[in-house]
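With the hints as extra help, turn the sequences into a complete structure.
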Amino acid sequence: MSTPGDRAATPAASVGAHPTVALRTTRLSKQFGAIRAASEVTLAFPQGARHALIGPNGAGKTTLINLLTGALAPSSGDVFLGEERITGLPQHERVKRGMTRTFQINTLFSGLTVLESVVLAICERKGRAGIWHRTVARQRDEIAEALALLQMLRLGAEANTLTRSLPYGKQRLVEIAIALATKPRILLLDEPAAGIPAGESAELFGVIAALPKDVTILFIEHDMELVFRFAERITVLVGGSVLVEGTPAEIAGDLRVREVYLGEAEHG
Numbered sequence: 036m037s038t039p040g041d042r043a044a045t046p047a048a049s050v051g052a053h054p055t056v057a058l059r060t061t062r063l064s065k066q067f068g069a070i071r072a073a074s075e076v077t078l079a080f081p082q083g084a085r086h087a088l089i090g091p092n093g094a095g096k097t098t099l100i101n102l103l104t105g106a107l108a109p110s111s112g113d114v115f116l117g118e119e120r121i122t123g124l125p126q127h128e129r130v131k132r133g134m135t136r137t138f139q140i141n142t143l144f145s146g147l148t149v150l151e152s153v154v155l156a157i158c159e160r161k162g163r164a165g166i167w168h169r170t171v172a173r174q175r176d177e178i179a180e181a182l183a184l185l186q187m188l189r190l191g192a193e194a195n196t197l198t199r200s201l202p203y204g205k206q207r208l209v210e211i212a213i214a215l216a217t218k219p220r221i222l223l224l225d226e227p228a229a230g231i232p233a234g235e236s237a238e239l240f241g242v243i244a245a246l247p248k249d250v251t252i253l254f255i256e257h258d259m260e261l262v263f264r265f266a267e268r269i270t271v272l273v274g275g276s277v278l279v280e281g282t283p284a285e286i287a288g289d290l291r292v293r294e295v296y297l298g299e300a301e302h303g
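Each residue of the sequence shown is one higher than the one before, counting from 36 in my numbering.
Incorrect hints may have been included.
[To be verified] Simulated crosslink set (SDA-like; lysine to any residue; CA at most 25 angstroms straight-line):
id, residue 1, residue 2
1, 131, 108
2, 248, 258
3, 248, 71
4, 218, 81
5, 218, 244
6, 131, 83
7, 248, 237
8, 131, 244
9, 218, 91
10, 248, 128
11, 218, 234
12, 248, 77
13, 248, 206
14, 131, 147
15, 161, 186
16, 248, 219
17, 131, 217
18, 161, 137
19, 248, 56
20, 248, 186
21, 131, 56
22, 248, 264
23, 161, 182
24, 248, 129
25, 131, 121
26, 161, 178
27, 161, 249
28, 218, 86
29, 218, 137
30, 131, 220
31, 218, 197
32, 218, 268
33, 218, 236
34, 248, 118
35, 218, 55
No lab work stands behind these hints: they were computed from the structure.
Okay, here's the thing in structure tokens:
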């Protein structure tokens, strides 16, 4: 695997001396029998971060996302959203507080148009999902909000297209539109470019990177080109533990990362 160590990394956004922490964990752990899928993970993500989680298969990346979202309960440790401890909150309560993971629209929204899918998500946020389909023409505020989201994500031309008819890369953008309809403070993306052709995946990440900075983005991605191009900071997980965290340039030049993940350490 090639490493981008010799390429200039995308400059990280400047962070003040005391950045607002949007999400953090303290000694977060998850045990499955004898397997320790997450081991005392302590991380902090400032507001507006574009942060990547990388690591070999089985490193614990998806387990960590599941712990953050409440899909899994930790064996020990805590999760904080801002200053609030949310360790024991169920997933829907975390969504209400601003933590959103991309929806699987292929099963949930495939029979709806792109616009209908996003309007439904907005109505769900407002507690009106049960009536939206009967009075969709009256949901003027929701339609206007949905159209603005679609324009921001370069999906305006596809507003009246059935979701299932879109190319896969566009479908992933609709997932993000639906997630943004919940007005998240934290957006968690688990391999957003999976299965997308290279040209489309770069466009997808370009849109993600351009999202408003009041949205903190944490993403898992296996494509190192995309990671080093779009992440401002990177955390490397190995065996459920944090190996190292740093800027793309720091991670690309770290011999431990090359040895255990990139596989390009020089052996003398």
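Outcome of the hint check:
In summary, the hint linking residue 131 to residue 108 is supported, as the alpha carbons are separated by about 18 angstroms, within the 25 angstroms threshold. Between residue 248 and residue 258, the direct Cα distance comes to roughly 23 angstroms. Compliance with the 25 angstroms bound is thereby established for this hinted pair. Taking the CA atoms of residue 248 and residue 71, the gap is about 34 angstroms. The hint is violated against a cut of 25 angstroms. For the proposed pair residue 218 and residue 81, the alpha carbon gap of about 18 angstroms is at most 25 angstroms, so the pair holds.
For the suggested pair residue 218 and residue 244, the alpha carbons sit about 17 angstroms apart, so the restraint of at most 25 angstroms is met. This hinted pair checks out: residue 131 and residue 83 have alpha carbons roughly 19 angstroms apart, not beyond 25 angstroms. Only pairs whose Cα atoms come within 25 angstroms are accepted, and residue 248 paired with residue 237 is accepted, the gap being roughly 19 angstroms. Distance check on the hinted pair: residue 131 and residue 244 sit about 24 angstroms apart at the alpha-carbon level, within 25 angstroms; holds.
With a C-alpha separation of about 32 angstroms, the suggested pair residue 218 and residue 91 falls outside the 25 angstroms cut-off, and the hint is violated. For the hint pairing residue 248 with residue 128, the CA-to-CA distance comes to about 23 angstroms; that is within 25 angstroms, so the pair holds. Restraint check: the Cα-Cα separation between residue 218 and residue 234 comes to about 28 angstroms, which exceeds 25 angstroms; the hinted pair is violated. For the given pair, residue 248 sits about 23 angstroms from residue 77 by alpha-carbon distance, which is consistent with the 25 angstroms threshold.
For the hint linking residue 248 to residue 206, the alpha-carbon distance of about 23 angstroms falls within 25 angstroms, and the restraint holds. Between residue 131 and residue 147 the CA atoms are separated by roughly 24 angstroms; this keeps the pair inside 25 angstroms, and the hint holds. Between the alpha carbons of residue 161 and residue 186 the distance comes to roughly 21 angstroms, so the proposed pair stays at or under 25 angstroms and holds. A hinted pair counts as satisfied when its Cα atoms are at most 25 angstroms apart, and residue 248 with residue 219 qualifies at roughly 12 angstroms.
Distance hint between residue 131 and residue 217 is fulfilled; the C-alpha atoms sit about 8 angstroms from each other, no more than 25 angstroms. A C-alpha spacing of about 18 angstroms is found between residue 161 and residue 137, which places the hinted pair at or below 25 angstroms, so the restraint holds. Taken as a hint, the residue 248 and residue 56 pair is honoured in the structure, with Cα atoms around 13 angstroms apart against an allowance of 25 angstroms. Our distance criterion of 25 angstroms between C-alpha atoms is met by residue 248 and residue 186, whose separation comes to about 17 angstroms.
Using a Cα cut-off of 25 angstroms, the hinted pair residue 131 and residue 56 holds, with the two alpha carbons roughly 18 angstroms apart. Distance check on the hinted pair: residue 248 and residue 264 sit about 17 angstroms apart at the alpha-carbon level, within 25 angstroms; holds. For a cut-off of 25 angstroms, the pair hint linking residue 161 to residue 182 stands: about 17 angstroms separates their Cα positions. As the CA atoms of residue 248 and residue 129 are separated by approximately 20 angstroms, the hinted pair is consistent with the 25 angstroms bound.
Only pairs whose Cα atoms come within 25 angstroms are accepted, and residue 131 paired with residue 121 is accepted, the gap being roughly 12 angstroms. As the CA atoms of residue 161 and residue 178 are separated by approximately 13 angstroms, the hinted pair is consistent with the 25 angstroms bound. For the given pair, residue 161 sits about 20 angstroms from residue 249 by alpha-carbon distance, which is consistent with the 25 angstroms threshold. Our distance criterion of 25 angstroms between C-alpha atoms is met by residue 218 and residue 86, whose separation comes to about 19 angstroms.
Between residue 218 and residue 137 the CA atoms are separated by roughly 12 angstroms; this keeps the pair inside 25 angstroms, and the hint holds. About 10 angstroms separates the Cα atoms of residue 131 and residue 220, which keeps this hinted pair within 25 angstroms; it holds. For the hint linking residue 218 to residue 197, the alpha-carbon distance of about 23 angstroms falls within 25 angstroms, and the restraint holds. Distance hint between residue 218 and residue 268 is fulfilled; the C-alpha atoms sit about 23 angstroms from each other, no more than 25 angstroms.
With a C-alpha separation of about 24 angstroms, the suggested pair residue 218 and residue 236 falls inside the 25 angstroms cut-off, and the hint holds. At most 25 angstroms may separate the alpha-carbon atoms for a hinted pair to count; residue 248 and residue 118 meet this at roughly 19 angstroms. Between the alpha carbons of residue 218 and residue 55 the distance comes to roughly 18 angstroms, so the proposed pair stays at or under 25 angstroms and holds.
When the structure is compared with the earlier hints, violations turn up for hints 3, 9, 11 and for no others.
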